[in-house]
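Just so you know, the sequences run in chain order A and B. For the first sequence, our numbering begins at 1 and goes up steadily by one. For the second sequence, our numbering begins at 1001 and goes up steadily by one.
Incorrect hints may have been included.
[As the list claims (entries may be wrong)] Selected chain A positions facing chain B (Cβ under 10 Å, derived; list incomplete):
{"id": "1", "residue": "SER22"}
{"id": "2", "residue": "ASP23"}
{"id": "3", "residue": "ALA29"}
{"id": "4", "residue": "TYR119"}
{"id": "5", "residue": "PRO129"}
{"id": "6", "residue": "THR212"}
[Unchecked claim] To list a few chain A residues with every Cβ distance to chain B over 12 Å, as calculated:
{"id": "7", "residue": "SER90"}
{"id": "8", "residue": "VAL94"}
{"id": "9", "residue": "ASP130"}
Keep in mind the hints are simulated off the structure, nothing from the lab. We put the beta carbon where it would ideally sit given N, CA and C, even for glycine.
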Amino acid sequence: MKEEKTPLVIAVGDGASIPDPSDTRLVTAWSISVTGALVALFCLCAFSPDPYWTILKFLPDGIIVTFKITILGILCAIPIGFVTGVGRLSRNRVFNLIASTYVEIIRGVPLLVQLCFIYYGLGRFVRMPDLMAAVVAMAICYGAYMGEVFRAGIRSIDHGQTEAARSLGFNRAQTMMLVVLPQAWRTILPPVGNEFIALLKDTSLVSIMAMTNILQRGREYATRTFQVFETYMMVALVYLVITLLLSKGVSLMEARLNYYDRK
Amino acid sequence: MLKKILLLVAIFLLSAGVASAAVSKLTAASDCTWPPMEFIDANKRITGYTIDYLEAISKAIGIKIESRNVSWDGIFPGLLAGRYDLVASSVTITEERRETMDFTTPYFEVRQAVILPQSSATNAIEGLKGLTLGAQIGTTGFFAIEKLEGVTPRSYDEISQAVEALYSGRINGVVCDDPVAADFALQNKTYADKLKIAFILPTTENEYYGFAVKKGNQEVLDLLNRGIAKVKAEGTETQLRQKWVGQ
Chain A
1 MKEEKTPLVI
11 AVGDGASIPD
21 PSDTRLVTAW
31 SISVTGALVA
41 LFCLCAFSPD
51 PYWTILKFLP
61 DGIIVTFKIT
71 ILGILCAIPI
81 GFVTGVGRLS
91 RNRVFNLIAS
101 TYVEIIRGVP
111 LLVQLCFIYY
121 GLGRFVRMPD
131 LMAAVVAMAI
141 CYGAYMGEVF
151 RAGIRSIDHG
161 QTEAARSLGF
171 NRAQTMMLVV
181 LPQAWRTILP
191 PVGNEFIALL
201 KDTSLVSIMA
211 MTNILQRGRE
221 YATRTFQVFE
231 TYMMVALVYL
241 VITLLLSKGV
251 SLMEARLNYY
261 DRK
Chain B
1001 MLKKILLLVA
1011 IFLLSAGVAS
1021 AAVSKLTAAS
1031 DCTWPPMEFI
1041 DANKRITGYT
1051 IDYLEAISKA
1061 IGIKIESRNV
1071 SWDGIFPGLL
1081 AGRYDLVASS
1091 VTITEERRET
1101 MDFTTPYFEV
1111 RQAVILPQSS
1121 ATNAIEGLKG
1131 LTLGAQIGTT
1141 GFFAIEKLEG
1151 VTPRSYDEIS
1161 QAVEALYSGR
1171 INGVVCDDPV
1181 AADFALQNKT
1191 YADKLKIAFI
1201 LPTTENEYYG
1211 FAVKKGNQEV
1221 LDLLNRGIAK
1231 VKAEGTETQL
1241 RQKWVGQ
């Protein structure tokens, strides 16, 4: 289990690296990557429109589905994560065990296997629409990750806060909703943003369900034209531009939330 | 010391000379998810019509041909990158593919079959309008449904996934090569009760399988063509067709 000391920053491994909001220099890893990716995209399309521009025109509906799955997935994962996080910290043995078992199981099964299971395996018994199956799989998987984020976030609030609220007559639920959570949000939101980016990248896995996404569109193009290098180059650049812009967004959000920490 | 060096150089030259003399072994790539043409049997061995055909060629030309299981959407890039000598995976010879690869003489004729639920009354191409159809990514079946007007095409990694999706009602139909369609819709215990081959997609030109080699690899192409000619002449092709496809 985790150490008992309160963590100040929640480290999550699989998201994009978030640029440091206090870094005001012009040349950073982020600015180099984003400029490089955009220049590469632009130059390839401008100077060699066939095949690059043709490939890029093939991708947009994939981008839309990618975002649909990501946004719906994260919206469902947040409440699941909250309940799980609270459950993992709960003194109610049953609630705690259910939440912990859920996290153990989900973290132990690769997302691709979960997708196969829900789409093909469960598909024999319950037939969900494709988008729903994708969102459910993503929400269940990321709900578990998000549970860890919530747990660490709630833990990061000094226990004195709870004690003070309790002695002032708040019950447990009120303490959580009115005192702990509003403070914990500041720690929780940046890693939630991080998970958002990680989920966006993981949507490439729904190719297994034959769902249109950026990668699937690319593969369809590549298997027909054999322009393998060109296609995957464009797919990679599109993903890169999207995740880089999003990670900047998360960074800006982090900066706003750290308002009180500024010197 | 000098002797040793000379000896080493001699050995090196000799071995290099032997290696470039002739093709001693060929490696073939197959996407083994395409029964009865190429698939993995219960003993985890690669088997099927294509594999037997390769073996017959191998006997005819006296060169060992080794089979490898490679996933479909990476199979042609792998050939172009020189990972194996030929693709033996029910590859239809098309003009687009000819631009990047060379093909042997045809060894099998196929048509595109439409698999529908048994309850479906559709029996012609006009009835497919408004339906969602599945096929394996990068196959002529998928290219065909991409071109059909009013049809939503879905590209699955493997044909078995498309058939499973049809079975559980996620899509309305599947299009693939007729021997494969027959294997899933007629012979498969699970699917035979619910699915049927509704009709064959009408085409303007016939479809033939060929073995694909890297463009310009005349040596292997000649070898294979010689083998195919022998297999056809000896009547082995007819036997194999009987054994695997039943026609």
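So, going through the hints one by one against the coordinates:
For the restraint placing A:SER22 at the interface with chain B, the shortest Cβ-Cβ distance is roughly 44 Å, beyond the 10 Å limit, so the hint is violated. A distance limit of 10 Å between C-beta atoms decides the matter here; for A:ASP23 the minimum to chain B is near 40 Å, and the interface restraint is violated. Annotation: A:ALA29 was flagged as interfacial toward chain B, and the flag is violated, the nearest CB pair being 31 Å apart, outside 10 Å. Of the supplied interface hints, the one on A:TYR119 holds, with its beta-carbon coming within about 8 Å of a beta-carbon of chain B, less than 10 Å.
The restraint placing A:PRO129 at the interface with chain B holds, with a minimum CB-CB distance near 8 Å, inside the 10 Å limit. Residue-level restraint check for A:THR212 holds (minimum Cβ-Cβ distance to chain B is 8 Å; threshold 10 Å). Consistency note on A:SER90: stated as away from chain B, and its beta-carbon is indeed over 12 Å from all of that chain's, at 38 Å minimum. A cut-off of 12 Å between C-beta atoms confirms that A:VAL94 is not in contact with chain B; the least separation is 35 Å.
Here A:ASP130 does not stay apart from chain B, with its beta-carbon only about 7 Å from theirs, under the 12 Å limit.
In this structure, the earlier hints numbered 1, 2, 3 and 9 are contradicted, and the remaining ones agree with it.
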